[in-house]
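On the provided structure of chain A, position chain B as indicated by the hints.
Line by line, the protein sequences are chains A and B. So the first sequence is residues 1 to 626, counted in full-length UniProt numbering. So the second sequence is residues 1 to 206, counted in full-length UniProt numbering.
Simulated crosslink set (DSSO-like; lysine-lysine; CA at most 30 Å straight-line):
#, chain 1, residue 1, chain 2, residue 2
1, B, K178, B, K80
2, A, K50, B, K157
3, B, K149, A, K44
4, A, K185, B, K106
5, B, K20, A, K185
6, B, K124, A, K65
7, A, K44, B, K132
8, A, K50, B, K106
9, A, K44, B, K157
10, A, K79, B, K149
11, A, K44, B, K124
12, B, K108, A, K185
13, A, K50, B, K124
14, A, K44, B, K178
15, A, K65, B, K157
16, A, K65, B, K106
17, B, K149, A, K65
18, A, K65, B, K132
19, B, K178, A, K50
20, B, K178, A, K65
Because the hints were derived from the structure by calculation, they are not lab data. Remember, it's a predicted structure, so these values are computed and weren't measured experimentally.
As a plain string of letters, each chain reads:
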Amino acid sequence: IFSKASSSLEDVGESSSETDEDEQPVRRQEGSTDLSAEYWGIQKLAKYVKGGDPTATVIALCSMKDFNLSEETCQLAIKDTGCLEVLINLLDTEEIKCQTGSLKILKEISQNILIRHAIADLGGLEIMVKILDSPDTDIKCLAAETIANVARFKRARKTVRQHGGIKRLVELLESISVASSYQAKDIETARCAALALWSCSRSTKNKKAIRKAGGIPLLARWLKCSHTNILIPIVGTLQECASEPSYRLAIRTEGMIENLVKNLSSEHEELQMHCASAIFKCAEDEEIRDLVRKHEGLQPLSVLLDKSENKQLLAAVTGAIWKCAISRENVLKFQEYKTVETLVTLLTDQPEEVLINVIGALGECCQEEENRGTIRRCGGIAPIVKLLTATNQALLVNVNKAVGGCAMDPENMLIIDSLDGVRLLWSLLKNPNPDVQASAAWALCPCVENAKNSGEMVRSFVGGLELIVNLLKSKDREVLTSVCAAIANIAKDQENLAVMTDHGVVPLLSKLANTNNNKLRRHLAEAIAHCCLWGSNRVAFGETKAVAPLARYLKSKDPLVHRATAQALYQLSEDPNNCVIMHENGVVKLLLAMVGSTDDTLQEAAAGCIANIRRLALAAEKAKYG
Amino acid sequence: AAMSRKGGKLLVDSLTRSAKHFTKSEVECLVKLFDTLVAKASSQFAGAGFDRTVFRDTLYNAFGMTDDVVLDRVFSIFDKGNTGCITVVEWVEGLAVLLRGTLEEKMKYCFAVYDLNGDGYISKEEMFQMLKHSLLIQPADEEPDEGVKDLVEIALKKMASTCLFVPFLLQDYDHDGKISFTDFETAVREENLLLEAFGPCLPDIK
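Bound-form chain A, shown alone (with noise of 0.2 Å):
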């Protein structure tokens, strides 16, 4: 049927679905010229319509209605007698039968992709946003239901926003009291305000119009009321604004988490779903994370891992224990409900929408040791290596943290290394998309730090090693940042750091001293200091230039960048001229400061390069004086 696949094109309900359908639909060519008998029957009352006083307009309406006006036929026979453009001036009057006789039509029709756009083209939004300010109930309900069904497509919504239609739609669902919903006309004025603003909810911009009117503590006064037919467009509406951090805040301070939570035990599987879904958006932020758990949402997610056969509610369950996962309390509590073990078995034959999130998760849940083991046991590293040769970017990335996470067990290492999961990471540098590279290299570090007979493994990838210093030419700074970090692995096997001294490593790290950033400083100096350990290499990065800004790392306020730069100064200071330009940069002061330091590496570090730069200092006195 062409309306069901014309909704699959624009309500992909996606938070940024300005990907929706926008150009002029096209219209699927008619087998046969002959005209329907639905054709002919619209016609006539079409006639009625236009050229009858109010009485006999709605006689024709009424009738009009009996067609089945889900057919596709009976939607385009109205669109082709030129009915639709009398509909829409009948709700330009003031005969209130007759708006109310359209819209009961127009909202059934508005189903179809073309009669939608079609409607927007002749102008029919902007008065049916007029017709919310009618003081008849029923009216506006049945302008709100059509709205939601027009406001498919992005140009729609626009024009909605621009009549001042999102201010309008909240205001008539916050004129009814949730408390005394119980009336029919009551409920449905709400379900149809709610659709509506779910259906306009779908663009950035209006996201920002509802909040501006008020709409975020009407969704959290409406999210407490029972009916499912009212809460569906509720939730759909904040888990579609989710995206937004002003949201995501409201949620957490109009303690709206209750309710999401209470809602993932209803009976509804689409209620559901958009309540996971909310709960995937929102977790990005630490303190959802945790008001979840408070909450004592994580079990009922849990629990839904066995609706297998439901794949939307599948992927945006997956999805909310991916990003609360997150937190390492909650992986606790993960535990305690034996998810990882279900997660493991949700590895194979499912759809790509699961896989991300279901991987997404494992490597989150890695965070612990003991789920390292018991993926293992569970027969989930050969899978997940499998994974290793995807094609989807976004799956990639999460398999790459997983395989990282599990490659942190020794015992899981060994695993990897025999399904060549080390090389497929390896190749995984070559990808395009920096994203993937990053995680890939950063999933390195781990492999190449537990692997048996590690140097050797890498020296085994043809090639490998002149790939990863050349990504030190990246313009990506994750990238840098994650190629710096496993460079500082490989590095400690002498002879690979002598082929990637080859290759020119020296002068590439040295050309990225001049950053800022502190997790890059980091790295890099932790990538100096392991380099450092071969042949020539502390003069070359003296010669390089890398000294100076490293000093400057020193003023740093974060500890770990002190501790990898403290690190790589005291191997740099085995070169006298280093130590001459560290003293002139002011480092023995600022490493004073570290060496009472309850870091024990870095106090050693910060004390070891202090007395290589007073050694010299003093032979040079001793010399100058005799």
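Chain B only, in chain A's frame:
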């Protein structure tokens, strides 16, 4: 005034009960209005009520009702006693339905209005009567009445059919050609807009 003071109070109480939809003070106002109208009317009925002409004027002034056919019917419905004059009881009880009637009461009222000869059915002829001025634009090549007849058929099909609706060109129409109260009630319950299907006969409250 038509009543003495004591009689007036009793009347208001009794009317508040029987008309059901008005408060006491509202009934009082309506009674006062009635008295004014009676005073305006000819003394034909010795102050017991007012006639058709006054009634039609009042409804026109108050509610903008202009259709002669409809107004005549409304008068007959109000005039339950069939005396040709509207008494105060008939006045208040009639307005109760007009202004505040439940859906059931309004359905009965509208049906009675449209049932021009009061035989319990709305016939094709009656529908034709009521709709004959409803088509403002007619194609030049058609006979003027053809359109109205067609519209009557459409209305009949919509309301008198007791089987599932089939778009009318396809249906083999063989029903009895008139609308009973049950037919009307069913149609209106399913689609409220059809309450005043054959012409406005209720006040426009907007």
